[in-house]
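*Asks:* What follows is the residue order along each chain.
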Amino acid sequence: MSEPLFSDSFLARTLRRRSFFRVVGATVATSTLLLAGCNDNTNPDPAPTTASLTLGSGDNGLLNYAYLLEQLEAAFYQKVVDAFPADFTAEDKAAFVDLRDHEVIHREFFRYALGTNAYDSGGTSITFDFSSFALTTRAGVYAAARTLEDTGVAAYNGAAKLIADTTTLRLLAKIASVEARHAAFVRDQVQPGSFAASDVVADSGDAAGLDTAKTPLEVVELIAKFVPATIVATSLPTS
Amino acid sequence: MDFLKLLARLAETNTQTLTVTGPRRTALRRLAQAGTAVLPAVLTALPQPAAARDSRTAQDVLKLALVLEQLENEFYTQALKQPLSFFGTTENQAAIQTIQRHEQQHVAVFTRLLVNSGATLDAAPRFDFTGSKNGTQAALYPDVFTNFDTFLRVAQLLEDTGVRAYKGQAEYVQFDNFLLESAVRVHSVEARHASHIRTMRRQRGATVKSWVSPSDAPITTAGSVAAKAYAGEENYAQYLAGNNLVPFVDNLPINIATPPLSQAAILAKVAEAFDEPLDALTATEVASLFIY
Chain A
3 MSEPLFSDSF LARTLRRRSF FRVVGATVAT STLLLAGCND NTNPDPAPTT ASLTLGSGDN
63 GLLNYAYLLE QLEAAFYQKV VDAFPADFTA EDKAAFVDLR DHEVIHREFF RYALGTNAYD
123 SGGTSITFDF SSFALTTRAG VYAAARTLED TGVAAYNGAA KLIADTTTLR LLAKIASVEA
183 RHAAFVRDQV QPGSFAASDV VADSGDAAGL DTAKTPLEVV ELIAKFVPAT IVATSLPTS
Chain B
143 MDFLKLLARL AETNTQTLTV TGPRRTALRR LAQAGTAVLP AVLTALPQPA AARDSRTAQD
203 VLKLALVLEQ LENEFYTQAL KQPLSFFGTT ENQAAIQTIQ RHEQQHVAVF TRLLVNSGAT
263 LDAAPRFDFT GSKNGTQAAL YPDVFTNFDT FLRVAQLLED TGVRAYKGQA EYVQFDNFLL
323 ESAVRVHSVE ARHASHIRTM RRQRGATVKS WVSPSDAPIT TAGSVAAKAY AGEENYAQYL
383 AGNNLVPFVD NLPINIATPP LSQAAILAKV AEAFDEPLDA LTATEVASLF IY
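Listed in order, the protein sequences are those of chains A and B. In terms of the working numbering, the first sequence opens at residue 3 and continues consecutively. In terms of the working numbering, the second sequence opens at residue 143 and continues consecutively.
Pulled out of the complex, with its shape left as it was, chain A reads as follows (with noise of 0.2 Å):
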């Protein structure tokens, strides 16, 4: 199961023909309405179009970021949960819904502490496209959870310091922590000892022994190609 592209607007009923546009938001509204009338699929492809999903700007944007990484997180398990590889032993399934159910509830807590400010709080979801990985067997989908949870820990390390709400950054720590425990258990199911290489722990130079920290931007790139839309993260703080 993946997350459910709600909407009954006459606009996304158009929009929904075109599976690269699944994010409903205001910001597509107006490049919806030059497309209404531009269905036929012989002419050549409309002026570029895809859909944006703005983040917005202080902490609410910040927070707005977390809740996408902890959706696309969520979905994720989600869709393993739902149809687990063959070869998942019993204990790979039972780590799975624990992580399952860790992402949904950091999801709806981050939704909750949104409200209106979410950045999708108008009804519509994201459908993630997870088509990059192998999710069939359990390797692929170890290599796919490693992917997504060290990249969950580079972002709230690189996030800690551009919140600006002391509550905030405390409720953060208490995930970015949970987080990082996730990445080095399936980095250890990847690869035995792998739970804090080289590759995500820089062992030389002045970052020695300090985990990796993402900007916003650099984060966004690396999760664009499963979210079907533009992210904007531009309003976000950077210092």
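It is worth saying that the hints were derived from the structure and are not from the lab. Do not take every clue at face value.
[Claimed, not checked] Under the rule of at most 30 Å between Cα atoms (straight-line distance), these lysine-lysine pairs were calculated in the DSS-like manner:
| # | chain 1 | residue 1 | chain 2 | residue 2 |
| --- | --- | --- | --- | --- |
| 1 | B | K370 | B | K275 |
| 2 | B | K351 | A | K81 |
| 3 | B | K205 | A | K216 |
| 4 | B | K351 | A | K95 |
| 5 | A | K81 | A | K216 |
| 6 | B | K351 | A | K216 |
Given chain A, work out where chain B should sit, using these hints.
*Replies:* Okay, now just chain B, sitting in the frame of chain A:
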């Protein structure tokens, strides 16, 4: 230090990157100032506990971090003097080597931050990982360096405590992007270590998840100082700004298993999904078990 040389070093310091070779202006100015953050008391369930004013400085934070890293570094360094038979497998030994290397690097990071900020380093403490305070009292972990399972229990205690301690300190360095980012990047490494130690223990038959769970078999005795390392971790109540309790208990659509989990079971998952901070005093108390 020569004043002109100091000015020159300040000028070449880049606060946007992880360059820690020179003293940093904000660190120098603010390292010893009292923070204004509010420290929550031990978190339990409802209601939101009264907050106490805390006057910790960034320098206090760095010194606590340094002691915790010195403690961990010395713990793994002593273990690595044991023969391979202690670890059982080369994989186990290699994992401890990886963790020790990181702890050593963390000691270097916090030493550098303190020195470059003009602080005076305290002498490193003396450690006794049996918990006997150098033979002056009954040992808590007499076989810590002869029984790998005991060693892993102490390792889990130290790593989980480290994660909680960093989490509790982050807000006191929030005013400084560089210090905060350094701290959170160490914080997640400690969490990776804790997860791995837990995975190793589980593979050796212990009832423990790779994340802190109410279903973990306790590794401490109720009421002991060591038990404080886990006190409050079972908390599921999270508060947003304005004392706004997140309604995990009855409102949020988090119970999606088929069939649905019991309320106790879903709240146990909520507790797993959030690690809890530990205040400096408690972290120091736990560390002091191994310091004499």
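*Asks:* Any of the earlier hints contradicted here, and which numbers?
*Replies:* The structure breaks none of the hints.
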